[in-house]
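> With the hints as a guide, bring the two chains together.
Protein chains in written order, with this note's numbering: chain A, 72 to 185; chain B, 4 to 112.
Honestly, the hints are just simulated from the structure, not real lab data.
All C-beta atoms, glycine included, are put in the ideal place defined by N, C-alpha and C.
Please note that a few of the clues may not be correct.
So the derived label-pair ranges between C-beta atoms look like this [stated by the list, open to error]:
#, chain 1, residue 1, chain 2, residue 2, range
1, B, Glu48, A, Pro155, 25 to 31 Å
2, A, Gly130, B, Asn10, 21 to 27 Å
3, A, Arg74, B, Ser72, 25 to 31 Å
4, B, Leu111, A, Arg74, 29 to 35 Å
In silico DSBU-like pairs for lysine-lysine, Cα to Cα no more than 30 Å straight-line [stated by the list, open to error]:
#, chain 1, residue 1, chain 2, residue 2
5, B, Lys99, A, Lys149
6, A, Lys149, B, Lys5
7, B, Lys5, B, Lys59
8, B, Lys104, B, Lys59
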Amino acid sequence: DARVTQTPRHKVTEMGQEVTMRCQPILGHNTVFWYRQTMMQGLELLAYFRNRAPLDDSGMPKDRFSAEMPDATLATLKIQPSEPRDSAVYFCASEGGVVPYEQYFGPGTRLTVT
Amino acid sequence: QKEVEQNSGPLSVPEGAIASLNCTYSDRGSQSFFWYRQYSGKSPELIMFIYSNGDKEDGRFTAQLNKASQYVSLLIRDSQPSDSATYLCAVGRDDKIIFGKGTRLHILP
Chain A
72 DARVTQTPRH
82 KVTEMGQEVT
92 MRCQPILGHN
102 TVFWYRQTMM
112 QGLELLAYFR
122 NRAPLDDSGM
132 PKDRFSAEMP
142 DATLATLKIQ
152 PSEPRDSAVY
162 FCASEGGVVP
172 YEQYFGPGTR
182 LTVT
Chain B
4 QKEVEQNSGP
14 LSVPEGAIAS
24 LNCTYSDRGS
34 QSFFWYRQYS
44 GKSPELIMFI
54 YSNGDKEDGR
64 FTAQLNKASQ
74 YVSLLIRDSQ
84 PSDSATYLCA
94 VGRDDKIIFG
104 KGTRLHILP
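Looking at chain B on its own, in the form it has when it is part of the complex (with noise of 0.2 Å):
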């Protein structure tokens, strides 16, 4: 079983509706819970983190945990055609974090 899975998707989504990421994973002592999104061909970059069980929101995105489940997931409210990316789930423990292989989202215009 792999650490954190994710559909690799693609998933297409119209813009302005929601998009909605999922991701699961295999360590219970897991501690940290992270959305990094990469464009095409640029770095990872770090859009969400969370903790605590329950919702996190920052403005357009919401990141749920479920501890019990050990399921992660991220929503897009009012996607736009630059939301276009590949979202990758990743979970922090014992010192380093251990990344999904990555959601590619398109959102159709």
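Excised from the complex, chain A in its bound form (with noise of 0.2 Å):
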């Protein structure tokens, strides 16, 4: 069935380091979102593009935070130094289906920087 992916699922480094998150929309999605998610700011929107399009990305840190979509089927995102406060599950979520808003998100990407 159609769902989102993301890679990895699990992701614990070193302050300093890089890290790479990747998101597979749903085929046919034309818009895909970046969010982070901790239990003291709940879920923030990052950035999102439609039809590759990057549309607002005023939600990320931009001296370390960047994302992209080189194609239809892949949207990263990346930092840069990574530091301990950049610890939180990131989520993509896709959209274009029938109803407008309604989103899919994938399973998230769980990163701890130590």
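Okay, structure coming up:
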């Protein structure tokens, strides 16, 4: 069945290292979102793309985070250098079905930066 | 003022009773309203959406919207232990969704 996939599911890294997370949206969905979820802040929108073009990345710390969509089947979120405060679950979601704003979430990447 | 506000809970409800979850939003330009359910360690899953004032029913779930009061609610009838989860209220506007922090619901067997 159609679903959003994310890799890796878990990542433990040391402060200062580069982290790359990948997302494959549902085939045919034209909008992809990146979220970060923590207990304190809840679910925060980091960036989103429509038809591979970035529409809004105002939720991302610009100096260390970058998001790209090299093709319609792959979205990436990169953190360089990583910091302990980046520890969170990062979700990718895609949208493009019949219901406006209806988003389907991937399983998430649990990132721990030590 | 937060854009989407929910009581964090936990809300404890006996099995078989009605669970009532509430949410308020700040932007009157909001166009669509959603309830997502998130089990511990899992991703959010859409369970209800509503666009117009009034009630919308789907099985044991009823979403209620009052745009004048900027208020959205979710009722779960005949609550089951499997309904224990965090429920996220979300509001759609300007091509994106703003999420509340969620209400933890615990159904007591």
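> Each hint needs a verdict: does it hold in this structure or not?
Hints and how they fare:
no.: 1; hint: B:Glu48 to A:Pro155: 25 to 31 Å; result: holds (30 Å)
no.: 2; hint: A:Gly130 to B:Asn10: 21 to 27 Å; result: holds (24 Å)
no.: 3; hint: A:Arg74 to B:Ser72: 25 to 31 Å; result: violated (36 Å)
no.: 4; hint: B:Leu111 to A:Arg74: 29 to 35 Å; result: holds (32 Å)
no.: 5; hint: B:Lys99 to A:Lys149; result: holds (21 Å)
no.: 6; hint: A:Lys149 to B:Lys5; result: holds (28 Å)
no.: 7; hint: B:Lys5 to B:Lys59; result: holds (26 Å)
no.: 8; hint: B:Lys104 to B:Lys59; result: holds (23 Å)
Of the numbered hints given earlier, the model fails hint 3 alone.
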